[in-house]
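Trainee: Sequences listed follow chains A and B, in order.
Residue 109 in this note's numbering sits at position 109 of the first sequence, and the numbers go up by one each step.
Residue 8 in this note's numbering sits at position 8 of the second sequence, and the numbers go up by one each step.
Derived from the structure by calculation, the hints contain no laboratory data.
If you're wondering where the values come from, they're calculated on a predicted model, not measured in any experiment.
Virtual Cβ for every residue (Gly too), placed ideally from N, Cα, C.
Careful: at least some of the hints might be erroneous.
Each computed BS3-like pair below joins lysine-lysine, with the alpha-carbon atoms no more than 27 angstroms apart [to be verified]:
(1) B:Lys315 / B:Lys415
(2) B:Lys452 / A:Lys161
(3) B:Lys319 / B:Lys415
(4) A:Lys31 / A:Lys171
(5) A:Lys161 / B:Lys428
(6) A:Lys161 / A:Lys171
With the C-beta cut set under 10 angstroms, the calculated list includes, among others, these residues of chain A facing chain B [what the hints assert, rightly or not]:
(7) Arg6
(8) Asp20
(9) Gly21
(10) Ala67
(11) Glu76
(12) Gly79
(13) Phe82
(14) Ser84
(15) Leu93
(16) Thr109
(17) Ala111
(18) Asn128
(19) Phe132
(20) Cys155
Here chain B is said to cover these stretches of chain A; the calculated rule only asks that three of the stretch's residues, wherever they fall, bring their Cβ under 8 angstroms from a Cβ of chain B [claimed, not checked]:
(21) 48-62
(22) 165-174
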Amino acid sequence: MSSLTRLLFSELFNGPRTIDGPSIDYLDVEKLKLIAKKYHRKHRGRSMYIRECDAGSCNGCELEIHAVNGPIYDLERFGIRFASSPRHVDVLLVTGPVSSNMTEALQRTYAAIPSPKWVLAMGDCAINGGCFNSNYAVLGGVHHILPVDLTIIGCPPTPIKLLSSLLTLLKVMS
Amino acid sequence: MPDLKDYFSRTHAVPEHKPWSRFQLDEHGWNDMIHQLAVSDWTLLGLWAYGNEVYAAFRDVTIAVVSFECRERRFKSLTEVRPAAARLERTIRDLFGLIPEGIADFRPWLDHGRWSQSQPLSNVHCGIPTGSIDYHFLSTDGQNLHQIPVGPVHAGVIESGHFRFTCSGETIVRLEERFGYKHRGIEGLIVGKNLIEASKIIGRISGDSTVAYAIAFARAVEAATCTEVPPRAHWIRALMSELERISNHIFDFGAICNDVAFSFMLSKCMTIREQILQTNNICFGHRLLMDKIIPGGVTIDLTSEGVRVLSDLIKELRKQICKLADIYDNMPILQNRTIGTGIVKSALAHRFGAGGVVGRSSSQSCDARKNPGYPPYDDLNFDVPVHLEGDVNSRILQRIEEIQVSIGLIEQILKLIPDGSLFNQTKKCDGEGMALIESFRGEILLWIRLSKTGHVLRCHPRDPSWFQWPLLESAIEGNIVADFPVCNKSFNCSYSGVDL
Ligand code: SF4
Chain A
1 MSSLTRLLFS ELFNGPRTID GPSIDYLDVE KLKLIAKKYH RKHRGRSMYI RECDAGSCNG
61 CELEIHAVNG PIYDLERFGI RFASSPRHVD VLLVTGPVSS NMTEALQRTY AAIPSPKWVL
121 AMGDCAINGG CFNSNYAVLG GVHHILPVDL TIIGCPPTPI KLLSSLLTLL KVMS
Chain B
1 MPDLKDYFSR THAVPEHKPW SRFQLDEHGW NDMIHQLAVS DWTLLGLWAY GNEVYAAFRD
61 VTIAVVSFEC RERRFKSLTE VRPAAARLER TIRDLFGLIP EGIADFRPWL DHGRWSQSQP
121 LSNVHCGIPT GSIDYHFLST DGQNLHQIPV GPVHAGVIES GHFRFTCSGE TIVRLEERFG
181 YKHRGIEGLI VGKNLIEASK IIGRISGDST VAYAIAFARA VEAATCTEVP PRAHWIRALM
241 SELERISNHI FDFGAICNDV AFSFMLSKCM TIREQILQTN NICFGHRLLM DKIIPGGVTI
301 DLTSEGVRVL SDLIKELRKQ ICKLADIYDN MPILQNRTIG TGIVKSALAH RFGAGGVVGR
361 SSSQSCDARK NPGYPPYDDL NFDVPVHLEG DVNSRILQRI EEIQVSIGLI EQILKLIPDG
421 SLFNQTKKCD GEGMALIESF RGEILLWIRL SKTGHVLRCH PRDPSWFQWP LLESAIEGNI
481 VADFPVCNKS FNCSYSGVDL
């Protein structure tokens, strides 16, 4: 038997490696509900599409985004997916302190998302610039150019924290 | 052909530069050196500026740093003899306003005309903003050519950067990269910071190599201040650095396979990577090991429980990697896409002084852990694998073999790690230091100048990707557009590392 077949069999019989999803954050739910009224969408299912935009991150946050997409946290089982085109998504997930050179690209990405849309600032950088604040080349946080609906603290936020925030948002949205 | 040491033996060496000598050149000396470079085999390790001085680092059997004070605010460009210098020189001009004379490419590099001031690090004037910049991509003549602009926002969860393809049908005729989108002004930000603040920033230049950057910063500071680090700290650093190397290589291996539509491998690799990151968290309290290494030592010890967890992990890893390597070896449909794709010519890799996986898979054998070497690697037994073909396949094999080497290293470290303290206070004194550290991408060079009070006057981190990105432009020529993602992933260069 080839090693691939053997591995596939062991995967089949060992059951999934995916861990249980985290509980949602009720503080965030309350916060989001206030905004949700503004955007409430009548016809929406229980799925959520996300476009990620790197506005000057150190790629640490991206690594953890990859992790939630991986088999252990398995984001897609909750109906949440990262999409390629901003035109297909509900949520813009921004990482990084927003470098001046990325502002236009970020604004255009936001503009390309159909309303109603949500903006998530992931990581300390995106929230307030983190250790890259106040500089000729950074704006110091997403809130300077886009309305932020939810922030995810951490440097980088753990995959569980990220997952929990996304689930919270999904709950409020649907 | 004189070697570096002979050539500079009659030049004035600055005493406070450690551990390698820095030679001060005048204009004549600088121009002479460029003539010498044309006929010698010295590798360019880095090129940066400080005030109105330009610094360059070279290597043959030893390492030497040279500096040249450009009174007229211009210096003769190295690009004719070392093409790898081009982007570094354009960066120097954007940040410091020093003009490289004779450079063929006058376009700005990091400055996109959006900063609140131009030449932000210049010591003469705070420039008014450059204003909007019309960036002309290089033209390509020929019939039926079309351009494909990609980025800065890409289709996947990737960092930001722009690629401009010129294609004839499906075939790529030319690729041109444009970066700088992620410029955070790190070199400016770090000036005046104390060592702890600075090492926090340095650890966030490129999150995937945070350990390697932190070690580079720590070692440069320790060299500048002549601080002895306790042996145990060295070993813990090496342990973290090898864990980082394995977790990144394994992810890349999976992602390359995923880019040729074999997603099973990515799932397996992500599972393994997650195991490593969780073990990192258990042993050291951070998944990516950020902020655990500071000048003078490390902030966290390895407990006996940690040794046990790590030994289990390593045993498991060894088994898993063999299995995955075996699968890759026995999948002709995978190799059909990877063999012969994206070839980096070894002559070019040599000319650009590319290290890391990209260099070593094109027959360059440089590895900073061996040469110049740093503790504890001198006490460890390991080989540096090298491949000759320079295609995607050899970069995959290179990664797999490097994972195996790192596993061997961790086994040795866990067995041999000495007891003792973790931290020695660094002395407060001025000085200049440099370090060359092997990250999973290749050699990171970090140069630092400290003030008497122990604050940073100038720090220049040079990511290995500076010398690897240009090779991607050449490797992709003649390949089809659909092979770009897999080529790019097989390089896995850092965007944030070169944008700074
Ligand atoms: S929050 Fe931390 S991990 Fe995320 S981009 Fe910023 S520095 Fe990197």
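Trainee: Does each hint fit the structure? Answer for all of them.
Mentor: Checked hints:
1. B:Lys315 / B:Lys415: holds (14 angstroms)
2. B:Lys452 / A:Lys161: violated (42 angstroms)
3. B:Lys319 / B:Lys415: holds (19 angstroms)
4. A:Lys31 / A:Lys171: Satisfied, since the Cα-Cα distance of roughly 12 angstroms is no more than 27 angstroms.
5. A:Lys161 / B:Lys428: Violated, because 40 angstroms separates the two Cα atoms, which is more than 27 angstroms.
6. A:Lys161 / A:Lys171: Given that 27 angstroms is the threshold and the Cα spacing comes to 15 angstroms, the pair holds.
7. Arg6: Hint holds; Arg6 of chain A Cβ to chain B Cβ min 8 angstroms, cut 10 angstroms.
8. Asp20: Violated. Min distance 15 angstroms.
9. Gly21: This hint is violated: Gly21 of chain A lies away from chain B, its Cβ roughly 15 angstroms from the closest one there, beyond 10 angstroms.
10. Ala67: holds (6 angstroms)
11. Glu76: This interface hint is violated because 12 angstroms lies over the 10 angstroms limit.
12. Gly79: Constraint on Gly79 of chain A not satisfied, violated at 18 angstroms.
13. Phe82: Hint on Phe82 of chain A: holds, closest Cβ of chain B at ~6 angstroms, below 10 angstroms.
14. Ser84: OK, holds: Ser84 of chain A within 10 angstroms of chain B, min 4 angstroms.
15. Leu93: holds (9 angstroms)
16. Thr109: Constraint on Thr109 of chain A satisfied, holds at 5 angstroms.
17. Ala111: This hint is violated: Ala111 of chain A lies away from chain B, its Cβ roughly 12 angstroms from the closest one there, beyond 10 angstroms.
18. Asn128: violated (14 angstroms)
19. Phe132: At about 5 angstroms, which falls below the 10 angstroms cut-off, the nearest Cβ of chain B leaves the hint on Phe132 of chain A intact, so it holds.
20. Cys155: holds (7 angstroms)
21. 48-62: holds (count 11)
22. 165-174: violated (count 0)
In summary, the numbered hints that this structure violates are 2, 5, 8, 9, 11, 12, 17, 18 and 22.
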